[in-house]
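Engineer: Protein chains in written order, with our numbering: chain F, 1 to 473; chain D, 1 to 456.
Simulated from the structure, these hints should not be mistaken for laboratory data. Just so you know, these numbers come straight off a predicted model, no measurement behind them. There could be a bad hint or two in this list.
To be clear about the criterion: a stretch of chain F counts as covered by chain D if any three or more of its residues have a C-beta under 8 angstroms from a C-beta of chain D, and this derived list gives those stretches [said to hold, decoys possible]: (1) 109 to 119; (2) 146 to 158; (3) 345 to 355; (4) 425 to 436.
Note that CB positions come from ideal geometry on N, CA and C, so glycine has one too.
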Amino acid sequence: MRSCFSLWCFVFASLFGALLSTTELQAQQNTKVTLIKHATLLTVTQGDLENTDLLIENGKIAKIGRGLSAPSGARIIDATGKYVLPGIIDCHSHSMLDAVNEGSLSVTSMCRIRDVLNPNDVDLYRALAGGVTTLNLLHGSANAIGGQNQVVKIKYGRPIEEFLFPDAPPGIKFALGENPKRSNFRVPGQTQRYPNSRMGVEEIIRDAFVRAQDYKRQWDDYRAARARNENVPPPRRDLQLEPLVEVLEGKRYVHAHCYRAEEILMLMNLAEEFGFRVRTLQHVLEGYKIAREIARHRAGASAFADFWSYKVEAYDAIPHDAALMMRAGVLVSLNSDDDGRARRLNMEAARVMKYGDLTENEALRLITINPAIQLGIDRRVGSLEVGKDADLAIWTAHPLSVYARVETTFVDGEIFFDRQADLAQREALAKERAELEAAEVNRPQGSGAPPPVPAGRRPAYRLGDSCMQTTKE
Amino acid sequence: MRKNWFVHRQQATLCGLAILVCGGWVSTPGGSSLVAQQKLDLSPRVTVAIRDARLVTVGGDVIERGTLVIRDGKITAVGTTATIPAGAQVIDGRGLTVYPGMIDAATSLGLVEIPAVAATVDQGEVGDYNPNARALVAVNPHSAHVRVTRYNGITTVATMPDGGVICGQATLINLYGTSPQEMAVVPSLGLVVNFPRLNLGGGGPFAAFRQPPPANIAEAIAARDRRVEELRQVWREAADYLRAKEAAAADPKVPRPATNVVYESLIPTLRRETPVFFRADRAQDIRAVLAFAEDIGVRPIIVGGNDAWMCTAELKAKQVPVILTGVLDLPAREDDPYDILYENAAKLHRAGVKFCISTGDNGAHVRDLPYHAGMAAAFGLDPKAALRAVTLSAAEILGVGDRLGSLEVGKIANVVVADGDLLEPRTRVKYAFIDGRPAQLTSRHTELYEQFKERR
């Protein structure tokens with residue numbers, strides 16, 4: 001047990017050290033007013049403004065123009081030769097989740113992603129270093145109807161409450177095809193779960209909405225009776241059906257993981273039958289085959305740039321997908337679905353530009369204003385406009401260039417990533433790490449056996465947990 | 001001259017007939033569209049001159065306006081004063097840049113079509129020691145990945161088996177041809193070894209599907225060491241076998257040992273004719289590989305190399321090259337700097353370690369190779385060195401630096417013509433020549449695109 005103790009000493013000491021230095025750093029850096037001078041502003045909605053200043057006050061973009069002045073004490077950043085892009089919005093992320101799938105049932109609308117958020121996931125910091133400021137955190141794709149989503153701003157290191165995006169409309173994850181069928185996740189000896197085919201996926205969603213309609217009727221009847229002053233007992237609350245009633249009422253967005261054209265048509269037809277609209281089709285790799293139907297349904301599409309061939313339903317994926325849907329009039333965004341890819345969504349946009357003959361502005365929209373509209377948060381983020389939240393990043397070159405790097409990332413006007421500050425503290429962190437490793441308490445025990453190795457990340461799930469909960473997408 | 005090809009004759013250019021180039025397909029002057037249709041890779045070698053183009057030779061200086069000539073499968077002229085042979089087809093290179101085709105030094109392209117479908121995976125054999133398993137025989141020349149990859153300017157890949165400890169023999173193939181043998185540049189490039197390592201868990205995609213970290217670290221270390229000794233024993237037995245064979249050859253009275261296909265496969269590595277590709281990422285594993293290779297007397301190449309920046313002194317001293325496959329990976333340790341893998345290449349370059357950059361991908365995303373190099377350039381690697389890391393350095397490490405990797409007279413004509421910086425995602429490859437043959441830039445993707453763009 002002693003070796004275990006020494007391990008935890010090491011872990012806590014390193015964590016504490018890291019937190020302390022971060023806090024100090026933020027105290028120095030976070031003044032209420034920041035003036036970014038002489039930058040090329042890629043506003044996304046109002047054109048590219050060269051050699052222009054941007055003033056941040058109280059977390060908002062206060063002014064955009066030339067020759068702006070700042071009050072004394074303001075932080076002034078000379079961004080000559082640099083570019084400012086609105087904070088990138090990742091419309092499909094599983095970052096900071098301690099659990100991704102509640103995979104024991106195929107309808108888990110009662111589960112909430114906001115209950116499993118880990119604000120200290122280091123991948124959040126790595127995403128900030130790629131210019132990302134907002135995430136649509138989604139339940140995994142093991143279930144036809146998954147859990148409720150949570151949109152967050154990446155306020156890395158802050159309490160969870162500060163992450164929650166103010167007034168973001170609530171949403172829910174749906175999933176079609178191989179993942180809810182569990183096609184690629186079968187474990188010998190484990191009972192196969194319903195559904196097992198795309199027929200079953202349709203049926204189980206239909207069944208859930210039929211139940212939701214009945215449930216809604218019970219409440220409508222109850223409220224009508226109350227309005228007539230009748231003394232009737234309320235229906236029993238059903239936490240599974242409540243979010244689906246919100247979908248029927250247009251109060252909750254459906255973000256549906258999908259691949260094949262037929263299943264996309266299936267869901268849109270089913271939604272139209274039940275009187276709601278799919279807000280975003282996620283991945284939507286074969287969307288290009290039915291782009292006009294998607295446009296007609298007015299669903300948004302959030303795609304990968306060129307991810308393909310990893311399973312059968314991804315074999316007809318083409319890198320022209322996003323562009324073809326755009327040309328058909330669909331509102332399209334790109335997403336990462338992966339902490340690694342999240343760090344270079346700008347490169348994803350550049351790839352789509354090549355395959356689809358997009359303009360620079362069209363490419364940048366895919367990762368800024370378009371996902372903001374899809375998530376219903378474009379009033380606050382997604383472009384550089386006076387009055388919007390100061391969520392933005394300064395880039396060393398045009399962000400559609402592979403040679404571009406993020407210098408500084410702001411969320412609500414505060415710096416959450418700064419490359420120079422990051423570089424400056426590396427030596428101290430390395431020294432601290434070496435000291436901790438050399439400390440007597442962390443040395444191998446007398447027996448010669450070294451101390452146990454820490455498990456890497458917070459282990460939310462393990463092999464053999466119910467239904468193999470790693471189906472992210 | 002076959003007509004199913006897009007570069008038209010010099011006379012046609014002089015007549016001023018426009019080539020309509022778009023995303024890699026061309027309408028022929030006659031007007032019949034060759035759009036989406038994929039044809040087999042059956043073109044003969046052609047004589048082509050690309051003139052008035054920017055030539056990024058990689059081996060030497062950039063020629064701002066020059067001509068490159070391809071003939072009989074080779075590059076026959078590079079320079080400002082190159083003569084265009086009579087009858088050559090001419091490409092007007094104004095506004096275009098000519099590069100050597102990129103080389104990905106560590107893929108499994110052609111061995112895996114759809115990873116989720118076992119029937120399409122020919123990447124690994126049963127058992128731990130399969131030095132006689134040869135990647136080349138299983139390469140599918142008609143894999144959709146071949147054309148999707150060359151569309152981005154990658155013309156040659158090393159294809160490696162995986163699984164077990166000695167995975168098998170890698171092969172070097174051009175991304176052109178209708179049989180593995182037609183594609184092969186080096187049929188057997190060397191052995192691939194997954195060097196035994198400790199499994200310490202960790203994150204990354206599908207982490208939960210991997211084995212959990214060992215409960216008892218001391219036992220796990222002992223088990224790893226046993227596996228290394230077992231591996232050493234395989235080579236020692238092969239060395240004994242080789243001595244017995246040599247003794248029998250020298251003296252007819254000495255009995256010849258029964259032929260052993262496993263040991264036979266190890267002999268070229270013992271003679272140092274071919275290298276051994278050791279997959280290793282962590283510093284302790286890289287150092288263990290260096291000691292191991294020295295002990296058994298083989299020529300090591302590190303594949304992976306995420307921690308190579310920690311071992312630059314040893315790598316340089318022993319002149320062991322590194323094929324970096326993790327440039328775009330997430331850092332392995334929670335307290336690693338965010339850019340630790342982005343800048344790995346720059347650190348190796350500064351320290352003078354021989355390295356190249358690879359995707360390490362099993363097929364579908366080998367086309368991302370230029371972006372791996374570009375990201376290394378964004379984080380400190382000189383852009384020229386970044387380009388070299390996916391062309392000439394890769395060729396040199398794979399032992400074909402005299403045949404591939406640069407625009408030099410006498411080299412195999414693997415040449416791509418692009419409308420901009422090859423490492424930029426926005427750049428389009430306009431023409432690709434592989435082994436002096438024009439490679440069609442259509443693919444499963446362009447074909448589906450052409451079909452469905454009509455369905456509005």
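Engineer: None of the hints should be skipped; say for each whether it holds.
Structural biologist: For each hint, the structure was consulted:
1. Requiring three or more residues with a Cβ within less than 8 angstroms of a Cβ of chain D, the coverage given for the region 109 to 119 of chain F is violated, as only 0 such residues are present.
2. For the region 146 to 158 of chain F, the stated coverage by chain D is not satisfied: 0 residues place a CB nearer than 8 angstroms to a CB of that chain, which falls below the threshold of 3.
3. Coverage of the region 345 to 355 of chain F by chain D holds in this model, with 6 residues showing a Cβ closer than 8 angstroms to a Cβ of that chain against a need of three.
4. Check result for the region 425 to 436 of chain F against chain D: holds, 3 residues qualifying (beta carbon to beta carbon below 8 angstroms, three or more required).
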